[in-house]
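4 protein chains.
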Amino acid sequence: MHATEWRRFLIPYENAVEELKVKFKSIRTELRSIGEYSPIEFVTGRVKRVSSIIEKAKKLGVDMEDISTGIEDIAGIRIMCQFVEDIYTVVDYIRDRDGRDLEIVYEKDYINNYKDSGYRSYHIIIKYPIQTALGPKTILAEIQIRTLAMNFWATIEHSLKYKYKQNIPEHIEERIKKAADAAFKLDQEMSVIRHEIRLAQKMFEVRSKT
Amino acid sequence: MHATEWRRFLIPYENAVEELKVKFKSIRTELRSIGEYSPIEFVTGRVKRVSSIIEKAKKLGVDMEDISTGIEDIAGIRIMCQFVEDIYTVVDYIRDRDGRDLEIVYEKDYINNYKDSGYRSYHIIIKYPIQTALGPKTILAEIQIRTLAMNFWATIEHSLKYKYKQNIPEHIEERIKKAADAAFKLDQEMSVIRHEIRLAQKMFEVRSKT
Amino acid sequence: MHATEWRRFLIPYENAVEELKVKFKSIRTELRSIGEYSPIEFVTGRVKRVSSIIEKAKKLGVDMEDISTGIEDIAGIRIMCQFVEDIYTVVDYIRDRDGRDLEIVYEKDYINNYKDSGYRSYHIIIKYPIQTALGPKTILAEIQIRTLAMNFWATIEHSLKYKYKQNIPEHIEERIKKAADAAFKLDQEMSVIRHEIRLAQKMFEVRSKT
Amino acid sequence: MHATEWRRFLIPYENAVEELKVKFKSIRTELRSIGEYSPIEFVTGRVKRVSSIIEKAKKLGVDMEDISTGIEDIAGIRIMCQFVEDIYTVVDYIRDRDGRDLEIVYEKDYINNYKDSGYRSYHIIIKYPIQTALGPKTILAEIQIRTLAMNFWATIEHSLKYKYKQNIPEHIEERIKKAADAAFKLDQEMSVIRHEIRLAQKMFEVRSKT
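Residue numbers (this note's numbering), protein chains in the order written: chain X, 186 to 395; chain Z, 186 to 395; chain S, 186 to 395; chain L, 186 to 395.
Simulated from the structure, these hints should not be mistaken for lab results. One or more of the hints may lead you astray.
Claimed, not checked - Using 35 angstroms as the maximum straight-line C-alpha spacing, the simulated DSBU-like pairs for lysine-lysine come out as follows:
id, chain 1, residue 1, chain 2, residue 2
1, X, K206, Z, K241
2, X, K362, X, K346
3, X, K210, S, K210
4, X, K206, L, K244
5, S, K300, S, K244
6, X, K346, X, K243
7, X, K362, L, K322
8, Z, K293, Z, K322
9, S, K350, S, K244
10, Z, K300, S, K370
11, L, K322, S, K293
12, Z, K362, S, K362
13, S, K322, L, K293
14, Z, K210, S, K346
15, Z, K350, S, K210
As the list claims (entries may be wrong) - Using C-beta positions, here's what the derived DEER-type ranges look like:
id, chain 1, residue 1, chain 2, residue 2, range
16, L, K243, Z, K322, 41 to 49 angstroms
17, Z, D301, L, T214, 50 to 58 angstroms
18, Z, S376, S, T229, 19 to 27 angstroms
19, Z, E240, L, K346, 36 to 44 angstroms
20, Z, E240, X, Y299, 55 to 63 angstroms
21, Z, K243, X, T189, 48 to 56 angstroms
Keep in mind it's a predicted model, so treat the numbers as computed, not measured. The beta carbon of each residue, even a glycine, is placed where N, CA and C say it ideally should be.
Extracted from the complex, chain X is given alone in its bound form (with noise of 0.2 angstroms):
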């Protein structure tokens, strides 16, 4: 594809990872605005760099015209929560959202089975109708949701990644599974707290009733 076309490809997936974060920050906004906790602390997109889809063309063998169904992050949101409960709070979200404004193609929960690098995250992959001055089109998006830790994690390990171009030599890929354990009991110590708060909160409530 030329650089014309590859613009003309992309205009669907930039206007979909605009809509779909507007659509997600709102929540945040309209639970807090009517006082209530929002699981979702922040929210971010983009569409992926047309040197990385062909990049990523190649390593899974899929053909430039497939590219609209073989690869399916090409318009990624990112969705972060303070706990890791917050994330399943989300995924219920989306599923009530499924025939709605969007439709759900399949879940990956890397959070109870997360992969052997110590990346952690809840994946959904959707399908997004959305409609361009040249006519609707329906595309694959994916959503991604995490903690802020594994959120941190994650974007260093990219980096490196990216740095050592996959070959990632074994004693810093040693240092990063630690780095991930931290994060890990990071993110344990939090949702202990979380759950002392909520029963703290309880009791408060019993006692100022009696």
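Following the hints, complete the assembly by docking chains Z, S and L onto the known chain X.
Relative to the frame of chain X, chains Z, S and L by itself:
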């Protein structure tokens, strides 16, 4: 309604305004990215303030429990175009989406049938489905499409109306009408040039091929 | 200059545009927040594209090593006002800052002395100190202040100039001048009303005290 | 102070936060645009809410007429870094600007001297000159510089403190400290890797030249 109830009531309208702004801005971005002319110059949006909703409900005799159907512009989108002709291109874009991500309720052509005050704009009332954290909802929204000159005039007329609480003195009303004429003249001059640009471009294309 | 050198060269200009946009938008925000009239309607900014800088340097006979002093509008800020009178209020705001966060180099009043083409705007060339990660730098920037009608006209004239590569055919030039007259007429009508609003408000104030 | 007085009082703080956010974000943008590593990951800012200002003034025994000197964090900027070492690079950037667009009042290193609670961050209190529509003003602002892990922990500690109105139960305080340890461990692991990345990159550079 209490402040909290109002906040809850307005959430889907706020989300709709954010989504619709992103959607119409995307049309401009995508057309420009592929080197095509965009009929959309810029897009703004707003949710009507609570005090204005209450005022309008009183004026129209709409009961508070019926405002979501009785007041059509709680969510408002404004699309600005360079030329009068562009307005109708935008109208066609919206009609193309009818039954997809929005539903047209009715249209009002205040350009061919401008108001006595001098007001000119194209209005489309739509139904727009929105997903909130509290469930799905369909709301009404008003899309106003106008040239920059129409918008310039309308903004100023609006602030005068507001200052005079609808009772604009006659000699000022006279002046506003003169300003509307000047704005209308400006749009007409621009339309003539636009036609000539297109002719000139066609001549150039033909010449460059012989 | 190579692409990387250009990017490095343009960094302080990009920072300056971002800072100046924030600064002038703040004037509007703060005046409105305390219930005062803002002479600033909206603010835009842009850094000149490399191709346009090169073109202008050739046209003006400026050597490439002198462009930072020879081309004054690499950083450009545009401030839009509702009324012609507001332009001079904004000019006063900028003069008040002279020697503080910016330094005025010179001013050009294309409103009282409009160009043959019909172009009207107030230009102020400033020196603006900027802190970059690579050290401090002082750059030149151009601030254009105009009414919405002036801006509307200028935008369209600019695109016609661009399309005809400066050689606008005479009969179209004639049309553009007519459009400029219409825009000028619109501004005049608005100015008259503005005066009357103020008078009306004073009358009202006096009456409400007796 | 009445609501209007508060709004007037907070204007320069709001402007300062906007300007400083733009300035620190620019550092990231410019370094990345020339292919250099940015020690700044992201930047946020906020003006303290009126209720929090009043509360803090009471706690510190500051009279209401002295809050502009007695409360140093009415304007707050937060800069997030990937690695602990980046924090000190950012501190150096700010020191370089001392006497230019800002003035350093004092610094507090809560990284080498972390608080009992486990709180770690680098604080710089600055004087910042601001031009408002109502004249020039110099305000105090607090810049907090931290790693993503420090920020993650601090955010959660802050919300717990808020929920327990400063009186966090001992067993939860114990838990928070454990979480701080986990966050600290994560930062340490990351720092070790950072060193190795640099070594690896140097080896690579040397190898590619022989």
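Verification of the hints:
no.: 1; hint: K206/X - K241/Z; result: 33 angstroms, holds
no.: 2; hint: K362/X - K346/X; result: 13 angstroms, holds
no.: 3; hint: K210/X - K210/S; result: 25 angstroms, holds
no.: 4; hint: K206/X - K244/L; result: 40 angstroms, violated
no.: 5; hint: K300/S - K244/S; result: 19 angstroms, holds
no.: 6; hint: K346/X - K243/X; result: 18 angstroms, holds
no.: 7; hint: K362/X - K322/L; result: 51 angstroms, violated
no.: 8; hint: K293/Z - K322/Z; result: 25 angstroms, holds
no.: 9; hint: K350/S - K244/S; result: 13 angstroms, holds
no.: 10; hint: K300/Z - K370/S; result: 21 angstroms, holds
no.: 11; hint: K322/L - K293/S; result: 29 angstroms, holds
no.: 12; hint: K362/Z - K362/S; result: 23 angstroms, holds
no.: 13; hint: K322/S - K293/L; result: 29 angstroms, holds
no.: 14; hint: K210/Z - K346/S; result: 26 angstroms, holds
no.: 15; hint: K350/Z - K210/S; result: 29 angstroms, holds
no.: 16; hint: K243/L - K322/Z: 41 to 49 angstroms; result: 43 angstroms, holds
no.: 17; hint: D301/Z - T214/L: 50 to 58 angstroms; result: 51 angstroms, holds
no.: 18; hint: S376/Z - T229/S: 19 to 27 angstroms; result: 25 angstroms, holds
no.: 19; hint: E240/Z - K346/L: 36 to 44 angstroms; result: 43 angstroms, holds
no.: 20; hint: E240/Z - Y299/X: 55 to 63 angstroms; result: 57 angstroms, holds
no.: 21; hint: K243/Z - T189/X: 48 to 56 angstroms; result: 55 angstroms, holds
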